[in-house]
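Asks: Reading the sequence shown from the start, the letters are residues -20 to -1, 1 to 388 in mature numbering (1 follows the signal peptide of the UniProt record, and there is no 0).
Calculated from the structure, these hints are not laboratory results. Be aware that one or more of the hints could be misleading.
Unchecked claim - Below are the EDC-like pairs computed for lysine to aspartate or glutamate, each with C-alpha atoms no more than 20 Å apart in a straight line:
#	residue 1	residue 2
1	K359	D288
2	K344	D334
3	K325	D380
4	K294	E246
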Amino acid sequence: MRFLICLFAFLALIATPALAQNAYRQGVEAQFHQWLERTAWPDAQRQGITRATFQRLTSGLALNWDLPDLAPPGAPKRPPERQHQAEFSSPGRYFSEKQLANLTAIGRRLAKEHGRALNAIERQYGVPRGILLAIWGRESAFGRAKIPHDGLRVLATKAFMSTRTAMFYPEFIAALRILQEGHAPSGVLYSSWAGALGQPQFLPTKFLAYAVDFDGDGHRNIWTSAPDTLASIANYLRQHGWQPGRAWGAEVRLPQALSCTLEGPEQGRPLEVWGQAGISGSIERLGRGSAFLMMPAGRHGPAFLVSDNFYVLKRYNESDLYALFIGHLGDRIEGRGQPFSTSWKAPDGFSRGDVRAMQQRLVKQGHDVGGADGLAGFKTRIAIGRWQEAQGRAATCFPDRELTRAIH
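Input sequences plus hints: build the corresponding full structure.
Replies: Listed below in structure tokens is the structure:
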């Protein structure tokens, strides 16, 4: 008898945390359904969502507790995770030659397979097929990547209890509109863990604004239709300012005397001015207009002159490396590009948190780093280079472990 009492007491101790967590989650789920009725439904109704649609889509909706970046009601705040992705440290890792070669081979085959649709898309939108195929390949492996999440559940969860509810709330309402209009062929908005939809990975508001029905079946189907997917990408880029007939950019060679602090979209110069400064390469591809120096790894990697179209690519994904990857892959798919002639040698060994702390110290000194976010964007790279030059150092315009500690 004493053994059984002890056993039951031990099992109760084990079960208590799990029961408490279960009770807590049930309480949050109840708050979630109150939020759906009191907050989301009035806004959905104003957006044209019918009561029948709203009840059908939300009555059995449950929160997805496995998503990242959640901030449930009453839960303690968690410290930010240390991140070591390529965007935060060594950019060269972003450009796996094996991956690029594989995407290039598939992209060239699909360019032939969808040649008729691509011809029509290019005529209508003026965006080259290499760029469209590169985005398609990067975002969803040309539609082959598994996109496993129920997008409505993801967006509802993030709209209710993520660290960025203000961003995701309109996306959730937009997702209801997409489902009511019947665009998803399976009736489910398959998405990434961040709620990006289908093969081009559009957030719902972007879908409503830019997705097109190019195959003429009455639905803007970016989940299973290649023509709709490619044309939607083209429409997005053209609507954001893509200039037909102008290349995104080109790799260039930089004289050592030219300061790396001259990069960025705020320091454009005519091509002839860059040529007079000693920059060489296939810059004639950029056509007329201003060109901009872009050095994503500072002096530790390749340098590029880019056109306004490069910054249109950044509207698709706000990352220098992403836009460079797309432009470079697009060139290779069209048979005009080769692997970079300059290797990537950017230092590693620091985290996003290290860069954020360094940025905060640079801001205190009066530098504009574009926001202390832990990312070595162009403003941070320029600030580093200017600090180095002021200290009599050779400017590299890129952080390393020593610099993240030396800048005070």
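Asks: Could you grab the alpha-carbon distance between K359 and D288 and see if it respects the 20 Å cut-off?
Replies: Holds, at roughly 18 Å.
Asks: Sort out whether E246 lies within 20 Å of K294, counting only the CA atoms.
Replies: With Cα atoms ~15 Å apart, K294 and E246 stay inside 20 Å; holds.
Asks: Does D380 sit within 20 Å of K325, going by the straight-line distance between their CA atoms?
Replies: Status holds; Cα separation ~11 Å.
Asks: Between K344 and D334, is the straight-line Cα distance small enough, at 20 Å or below?
Replies: holds (16 Å)
Checked against the numbered hints given earlier, this structure breaks none of them.
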